[in-house]
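A.B. asks: Each chain is listed here by its residues.
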Amino acid sequence: MGLRSFLHRLTAPSPSGQNPKGPCKMVCVVNQGLKMGKGKMAAQVGHGAVMATMKAGSIKPLYLEQWLATGQKKVCLKGTDAEHLLVLEKSAKEAGIMTTLVHDAGHTQIPSGSLTVLALGPDTEEQFQAITGELKLL
Amino acid sequence: MVSTAEDPSMVLIARKDLKMSAGKLAVQCSHAAVTCTLNARKSHARLVERWKNGGARKICLRADDLETLQRLAGQAQAAGLVTTLVKDAGHTEVPPGTITVLGIGPAPRRAIDALVSDLKPY
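The listed protein sequences derive, respectively, from chains A and B. Number 62 in the numbering used here belongs to position 62 of the first sequence; there are no gaps in the numbering. Take any residue in the second sequence, note its place counting from 1, add 1000, and you have its number in the numbering used here.
It is possible that some hints are incorrect.
[Unchecked claim] Derived Cβ-Cβ restraints for the label pairs, each shown as a range:
#1 L1066(B) / P23(A): 36 to 44 Å
#2 T70(A) / K1019(B): 22 to 30 Å
#3 L1066(B) / T70(A): 21 to 29 Å
#4 H1091(B) / K78(A): 26 to 34 Å
#5 R1050(B) / H103(A): 17 to 25 Å
#6 F6(A) / D1113(B): 15 to 23 Å
#7 D1113(B) / S91(A): 40 to 48 Å
[Stated by the list, open to error] Simulated coverage check for chain B against chain A, where a stretch passes if three residues somewhere in it have a Cβ under 8 Å from a Cβ of chain A:
#8 1012–1026
#9 1069–1077
#10 1104–1117
I should point out that these hints are in silico values taken from the structure, not numbers from a laboratory. A virtual CB, placed ideally from N, CA and C, is assigned to each residue, including glycine.
Throw the hints in and build the complete structure from the sequences for me.
C.D. replies: Here it is as structure tokens:
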């Protein structure tokens, strides 16, 4: 171990917050109202996943750690349109799940600023049940 | 936003021969994107910052088969780029341990283009 990482370990604050109860996953809801190609969708979900990961690192580090250690489980679901995504975002927020909205810069395929993906979590599976339990797999 | 050859970008190269569904493809690509970002944060912190500020550009390309993916991974590593091969746990669609996606970057677009210029968008 280098000197700097040793010092860092001594002085870094211990991870705070509560431990997740049960296995964690991340859920990405894709706006099906837009006509996106498969590759476009994949890139947008990628944006959502990276943003959600960064967010979790500062808000719920213990959730993030557990999620990464257990194979970073992700699920992709279908949302009907932008309003649907916003409704889901609201109910997820109320349940205390971290939410991330992805707006496209619109370089290709769809108009600039379109809401493409809602990324939720990482959070426990039972937390998600009530919110995204009814949505279909993409 | 106009990007120059020096602006950082990330490519996610998926195997076409696996015939994954849209959702599966998206999930595998985001595995690659997250893993690449986390790895790059340790080794290329400044590049990651620049990449995120520039809109975290990501492009999804397709490759014909596993050999192409492994060849590209080797070349990218040799060029000193951040590289991730995603191995699927195989809960759905494909057998366990299948390599599905190769993530490269964030790296300057010039370096990425040199490797993948002959691939098509997925």
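A.B. asks: Against this structure, judge whether each hint is valid.
C.D. replies: Status of each hint after checking the structure:
For the hinted restraint 36 to 44 Å between L1066(B) and P23(A), the CB-CB distance of approximately 30 Å leaves it violated. Checked against the hint of 22 to 30 Å, the pair T70(A) and K1019(B) passes, with Cβ atoms roughly 27 Å apart. Checked against the hint of 21 to 29 Å, the C-beta distance between L1066(B) and T70(A) comes to roughly 26 Å, which is consistent with it. Hint check: H1091(B) to K78(A), Cβ distance near 19 Å, so the stated range 26 to 34 Å is violated.
For R1050(B) paired with H103(A), a C-beta distance near 20 Å keeps the hint of 17 to 25 Å intact. Between F6(A) and D1113(B) the C-beta distance comes to about 40 Å, which lies outside the given range of 15 to 23 Å. For the pair D1113(B) and S91(A), the beta carbons lie near 43 Å from each other, so the given range of 40 to 48 Å is met. Given as covered by chain A, the stretch 1012–1026 of chain B passes the check, having 8 residues with a CB less than 8 Å from a CB of that chain where 3 are the minimum.
Given a C-beta distance limit of less than 8 Å, the hint that chain A covers the stretch 1069–1077 of chain B is violated, as 0 residues qualify and 3 are needed. Under a criterion of three residues with beta carbons nearer than 8 Å to beta carbons of chain A, the stated coverage of the stretch 1104–1117 of chain B fails, only 0 such residues being counted.
Violation of the numbered hints given earlier is confined to hints 1, 4, 6, 9 and 10; the remaining hints are satisfied by the structure.
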